[in-house]
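Undergrad: Below, each chain spelled out in residue letters.
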Amino acid sequence: MTLLDVRDLSVVFNRRGEKPFTAVDNVSFTVEPGQTVGLVGESGSGKSVTSLAIMGLLPKRGNKVGGEVLFDGTDLLKLRSEDMRDRRGREIGMIFQDPLSSLNPVIPIGLQVAEVLERHQGRDRRTALREARDLLDAVGIPDPSRRLKEYPHQISGGMRQRALIAIALACKPRLLIADEPTTALDVTIQAQILTLLKELVDQSGTALIMITHDLGVVAGLCDTVNVLYGGKVVETAPRHDLFAEPRHPYTHGLLSSVPRLDSPRGERLHAIRGSVSDNIPWSEGCAFAPRCDRVVDACLEGTPPLEPTARNGRLRCNNPVPVEVAV
Amino acid sequence: MSESGVGILADKKKARLEELAQASVEAGGVSLFRDALRRIRRNPVGIVGAVIVGLFLLVAILAPLIAPHDPYQTFPALTKNLSVDHIPGAQDGFPLGSDPLGRDFASRLLYGARQTLFVGVVATLIGLGIGVLLGAVAGAFGGWVDVVLMRLTDVMLALPGLLLAITLVALASKSSQWTVILAVAIVAVPIFARLLRGSMLAQRESDHVLAARALGVKESAIVLRHMLPNALTPVIVQATLTFSVSILEAAALSFLGLGDPDLNRPEWGALLGIDGQRYFEVRPELAYYPAIAIIIVALGFTLLGEAMREAIDPKNRR
Amino acid sequence: MLRVIVRRLLQMAVTLIALSALIFIWLRNLPGGPIDALLGERATPERRALLTKALGYDQPILVQYGKFMQRLVTGDFGNSIRTGEPVTAVIGRAFPATVELAVAALIIAVGLGIPLGYLAARHRGRILDNLSITATLVGISIPIFFLGYLLKDVFTQGIHWFPPSGRITTGLDNTEVTGFFVLDGLLTREFDASADALWHLILPAVTLATIPLAVIVRITRASVLDVLNEDYVRTAEAKGLRHRIIRGRHVLRNALLPVVTTIGLQTGSLLAGAVLTEKVYNWGGLGTLITDSISGGRDYPVLQAVILLAALVFVVVNLLVDLSYAIIDPRVRVR
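Protein chains in written order, with our numbering: chain A, 170 to 496; chain B, 1317 to 1634; chain C, 4 to 338.
Among these hints, one or two may not hold up.
To be verified - Partner residues are not named here, just some residues of chain C that face chain A (Cβ under 7 Å, in silico):
1) Asp132
2) Asn257
3) Arg334
Treat the hints as calculated values from the structure; they're not laboratory data.
As the structure is a computational prediction, the values presented were derived from the model and not from experiment.
Virtual Cβ for every residue (Gly too), placed ideally from N, Cα, C.
Input sequences plus hints: build the corresponding full structure.
TA: Below, the structure is given as structure tokens:
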């Protein structure tokens, strides 16, 4: 059975004195058990809000959430907050972008790991700390016994993110959501963390949703990729297909703008013109139209619908990149 | 791409871009100050504060026009029933009745706005003036000048505000309105000094100062024309809060018998602290009205100050 | 760490010495100075000269100051001009009264302030929050002595819920041990005395607590709001932890740090407020002592001593607060 089935998820923010803002607009995707799914997009594309909505971590007021989020058949959006609280940390884990600010600065790391075990698996403090030690070891933190008593500011950024991964996976959840986990880290550490994540999810069979703006991250990790733009899914494809033959002009543009070692010298970098802020107030027509090279009349009249493609993907475009065009 | 496609897109796009340009202009300029003013206007707390302060200033300025009588004059209509146990209340021509000496209480209250304004403003300005000077010097010169001046402020801060004011007034052999004003002013000095010094120190390392120095601008010009103006807004915020504190401290000093000995002056703090307490059982209004006046004005300045502080806080910029 | 403590202690000592020097110099050189206070303004020049010599005021200022410091160190603060008693005795009586009052006020301010501030932050924008904000703003704008009189009027004259003045009903037999009447009653098992003292304590303590309470509520609220926006609270929620644990271990543990500093500063407010409150309620503590030493001729020895004592207490408390910050915030404590 599909582990996570997000159906027509929408999130509208209502701030006082401002127009309602649709951050997530009818987003749908699925995650199978053990699968790694990517959510790709720039900032403002709605990817983080989507993950927060799935976890039930949006603020209680100031927003309206619609649609369904079926986790193992249960709609998480309809759960009472206490029931959702039970599932968080135990069935679904999450890690965030900035490891330093994501850890409580005034309590030792060991306790921050142990408390998840105490909460969801009824361990007492001593047992929990012992297991915490093992978990820290499993994520590759050297000298874990000493680390248990240390505070977040005493360890390095990479170690902090490892600790957070240990925390998220402590109760062996079936789904892990990672929201830009490497963005705040040094490039060399990034690779280590991604390798670690891949190993851990492969070993434990945990499904992973990887949220990122970095295509390199996606290429190494994800089975299926969903590309988001302006709060909507614009393309979904299996990894190989997406990179070999991107259909949506946005995806195509993203991939073309990645500089390559083997491109001819002197060739100009390709960039998608305009910027994301050009599109946010745009109320009719395709959100990407102002920046699109392939725009046609139909694009200005209404949002194109998301339609399945021949090769098990989805596409939201009136004038997609033809299949023959190589990247 | 068809021809018409380009055409339609071009027009729509142009219209769209114009829309966006317009919106960004309306969103206001980049200036922190204008941004702040905009936010104050939207902040109801700040508006209430500003209204109160405005009304207070109006009353103070227009007192001679609004007051029904001369606040220093006694009237037979009031004195004829006057005694230690009975102070006449509201009657014809005297909307708030009499004060303990047979003067029109309403007029005294209205003129009191002037006195209170005077005490508050002068004390704040003196405190601000000295404090800013000390802080600017300490921050600009650094080194031992800084150390000495900071030890000085430490001494001033070794006592809580009111106690320091009491000490200062006590050390003057006779109290007068000026001892009160000076005492309250001196209490405020270390706060402004620290504020300025902090601002100076923070700016000494900042890019715009380094740039000016690199361009060879003279140190004194840097301090005067680049650093001081940036410290201005927090100083203004602090000044409104200091005003509030000043009138409360002045009232406390009057209560303790350390205030202005000239009982003719209808300053609100004196009205509350002296007549108000002495005749509280006989006629509590003599205390209530000046107290309410003080509370409202102190509140008004505090609200305004708080709203301004929030407005200039860069954390609040979107 | 030790270096920091020593440095702060030295700073403190320097400040206090400077303060005492200033007070000393000022007092000696005033026209309405100690000579006048002792002899009255109409004393003849000869009597003044005699007294000046007797008191050693004709010696160079530095010598005088030296002697002054010498006596200070041995605990000799001279005798009260008003009553002739040694200053230490006078202060010894008044000090516990003020401390008892201040501690009671602090308990009220902190005990009510922190929960209220937390609740206001949690229910931000709703009724409790708005009420709290308004109430605290008014609270810091009220002249304390007016509030004292108001409360006194309402609760002791109209309704006789509380006694109007003093620390204990006259005639009630109470043995003094520490000078803290409520405590003494408990220690000597004179529970009626303890209860009576407590009854007398309530109204003044509430009056004095008003400003610190308002400030603590505001700071707690602001601090909790800041912390609630922090990423680690989001992490705690993502872990599915129970509300109670998040509140205690993650939110409050961080939010209370600035509140602790505030409590130190509020001691100043308490000292200053005590002067006013004690006058309203005839409390007989340091505040009453200060006002008595000023009105009707300045009682310099007492005044000097009380001010220095107040400064000492204030500075020491602030030092303790700063040091405690180092203990409770691991980022400061552990390098």
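Undergrad: Check each numbered hint against the structure and report the violated ones by number, ascending.
TA: Going through the list in order, the structure violates hint 1 alone and respects the others.
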